[in-house]
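Peer 1: If you're matching them up, the sequences are chains A and B in order. Sequential numbering of the first sequence, starting at 1, is according to this note's numbering. Sequential numbering of the second sequence, starting at 1, is according to this note's numbering.
Quick list of the computed label-pair ranges, beta carbon to beta carbon: (1) B:Gly188 - A:Gly201: 55 to 61 angstroms; (2) A:Arg305 - B:Phe233: 47 to 53 angstroms; (3) A:Pro148 - B:Ala284: 34 to 40 angstroms.
FYI, nobody ran anything at the bench for these hints, they're computed from the structure. In this text the structure is predicted, and so the values were computed from the model without any measurement. C-beta atoms are modelled at their ideal positions from N, C-alpha and C, and glycine is treated no differently.
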Amino acid sequence: MERSSRAATAPGLRLGRSRPRYGEAIVKVVLLVAALVSIATTIGIVASLVSPTIEFFAEVGIVEFVTGTSWGPGFRPPTYGVLPLVTSTVVITLIAVLVAVPLGLLAAIYLSEYASRRVRKVIKPTLEVLAGIPTVVLGFFALTVVTPFLREWTPFDVSFKNGLSAGIVVGIMIIPLVASLAEDAMSAVPYGLREGAYALGSSRMVTSLRVVFPAALSGIIAGVILAVSRAFGETMIVVVAAGSNPSLTANPLQEMVTFASYIAQAASGDIPVGSTVYKAVFAVGSLLFVTTFALNYISARIVRRFREVYE
Amino acid sequence: MTVLTTPKTAVRLAAKGRPLREHLFRLALVASLVIALGFLALVLYSMISKGMGRFDARLWENMPSIRRPEAAGAQSAITGTMWLIGLTAVMALPTGILAAIYLEEYADRTRWYNRVIELNIQNLAAIPSIIYGILALGIIARVLGLGFGVLTGAIALSLLVLPIVIISAREAIRAVPPSIREGSLALGATQWQTIYRQVLPAAIPGIATGSILALSRAIGEAAPLIVLGAATFVPFNPESLFDRFSALPVQIYFWITQSREEFHLLAAAAIVILLALLLLMNSAAILLRNRYQKRY
Numbered sequence: 001m002e003r004s005s006r007a008a009t010a011p012g013l014r015l016g017r018s019r020p021r022y023g024e025a026i027v028k029v030v031l032l033v034a035a036l037v038s039i040a041t042t043i044g045i046v047a048s049l050v051s052p053t054i055e056f057f058a059e060v061g062i063v064e065f066v067t068g069t070s071w072g073p074g075f076r077p078p079t080y081g082v083l084p085l086v087t088s089t090v091v092i093t094l095i096a097v098l099v100a101v102p103l104g105l106l107a108a109i110y111l112s113e114y115a116s117r118r119v120r121k122v123i124k125p126t127l128e129v130l131a132g133i134p135t136v137v138l139g140f141f142a143l144t145v146v147t148p149f150l151r152e153w154t155p156f157d158v159s160f161k162n163g164l165s166a167g168i169v170v171g172i173m174i175i176p177l178v179a180s181l182a183e184d185a186m187s188a189v190p191y192g193l194r195e196g197a198y199a200l201g202s203s204r205m206v207t208s209l210r211v212v213f214p215a216a217l218s219g220i221i222a223g224v225i226l227a228v229s230r231a232f233g234e235t236m237i238v239v240v241a242a243g244s245n246p247s248l249t250a251n252p253l254q255e256m257v258t259f260a261s262y263i264a265q266a267a268s269g270d271i272p273v274g275s276t277v278y279k280a281v282f283a284v285g286s287l288l289f290v291t292t293f294a295l296n297y298i299s300a301r302i303v304r305r306f307r308e309v310y311e
Numbered sequence: 001m002t003v004l005t006t007p008k009t010a011v012r013l014a015a016k017g018r019p020l021r022e023h024l025f026r027l028a029l030v031a032s033l034v035i036a037l038g039f040l041a042l043v044l045y046s047m048i049s050k051g052m053g054r055f056d057a058r059l060w061e062n063m064p065s066i067r068r069p070e071a072a073g074a075q076s077a078i079t080g081t082m083w084l085i086g087l088t089a090v091m092a093l094p095t096g097i098l099a100a101i102y103l104e105e106y107a108d109r110t111r112w113y114n115r116v117i118e119l120n121i122q123n124l125a126a127i128p129s130i131i132y133g134i135l136a137l138g139i140i141a142r143v144l145g146l147g148f149g150v151l152t153g154a155i156a157l158s159l160l161v162l163p164i165v166i167i168s169a170r171e172a173i174r175a176v177p178p179s180i181r182e183g184s185l186a187l188g189a190t191q192w193q194t195i196y197r198q199v200l201p202a203a204i205p206g207i208a209t210g211s212i213l214a215l216s217r218a219i220g221e222a223a224p225l226i227v228l229g230a231a232t233f234v235p236f237n238p239e240s241l242f243d244r245f246s247a248l249p250v251q252i253y254f255w256i257t258q259s260r261e262e263f264h265l266l267a268a269a270a271i272v273i274l275l276a277l278l279l280l281m282n283s284a285a286i287l288l289r290n291r292y293q294k295r296y
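All chains should be built: construct the whole structure from the sequences, respecting the hints.
Peer 2: Below is the structure:
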């Protein structure tokens, strides 16, 4: 839409008026306060994380945290090496991406380039339903359907709780996200480009892959990064299906504990407030927050910087 | 913007002759969609087939029990979820809609603070839900002293879904054409009168759709509530804002972590309730969108 035609309600425009309207000013303040709730949320998150995290590093030491290879706050003596959580989080995210990106992108190409309006009208809400399934349900699905399947039908020695099953189901969870963001990006590519390609004799496949896909690439990458960040912070699927014993391994057939699943586990047990374990939860939370924040920021930057502006 | 469509003949000509790889590509596209939707069907089927045997009145009439799975129900979890959703709706929807009105109708985008608000909302929408649990645990429950009652849980869920409400309400408000605002202003209405009497009524279907989807997200959310310690044994309904509570997804998690198979059946039965509720809300949202969304 043209911005200029909306300027009628934009601020700064002073229409002549006969008397001051205090109600209007009050309304504006109320609305601004509502908008500021989101800022307060961010400040609250940072505030809740900062001081326990600093106290944690005063007690444990940042070197042990970053280089330690064993995570066992419950051990005697307790160990606070975060590397096992890092490898698990990365491995599960990677599996999820391997599942979701190909399926999500192909589904997006179909929806944007091939499907008729009618088909799209049915499939998009259905994908939304998939996106709306509670993750605790998906976790149960991973535990009771996917893991038994892997144990039965693959030659590997899959343990009862494992990172592979959790990663696959996290991937399923983010398929709709990848598909809908990629489809938005591809639908935004102007028709002129497609028509140009057709006029030069391209087939539909060539048009989709060589014209539309590259033109929408920045939006697609931003969407994939957002999906990665979602997988990175997924809690319930991992806590249910991937187990509770962290070890320094990249083998997804074993139990794995990610940042988010550790927080859920530790917090659902009884931990005394103010203890080192309690602070460890916040330290891991900080790590999770900073990482996802960075991913989201990169995604937003990519959209802004590399967006092809047509018109 | 007028939507131009490629003339059908051009597409047909382009696909003429159709070498094998064109067909294979199309097949791969359809297959990926079938796989994604197949998983959806599989999830629904496996939960229903597992849970239906235990899906009876005990589920909503009885309280959870640790020792006797055959007598256990999810009543405290169901009422807990109702409390949470009611409170979340009361807190998150007005705040979110007002914030959306501010951003769409009042905010001057050249001001840095408005850009910060906007970026911040985008970022909050992508923060893992468990972080909201940490916020609730560290600040709302302890520093603000609201404790671990149903109110704290609802605040955590409200903050979690607030960005979703704001983003969808903004889209709905943006879809109302400027000419409607201009007409109202030209007739002498003030800005707020224009918004309240013209823009909002036209945007209501879109706002309602987004609100329902946001609430359905809140219903299924377990992680922040677990951090608040809701996954413990709660055999009573909450009676005030500060009572301890359970919720359906949390109760389901609690049952999944039990080792006895009977509890897993209970979990599946409770999942059936949860999914039925969510499908109902989703269909309502889709119906609203398809029926009332005007194209200007």
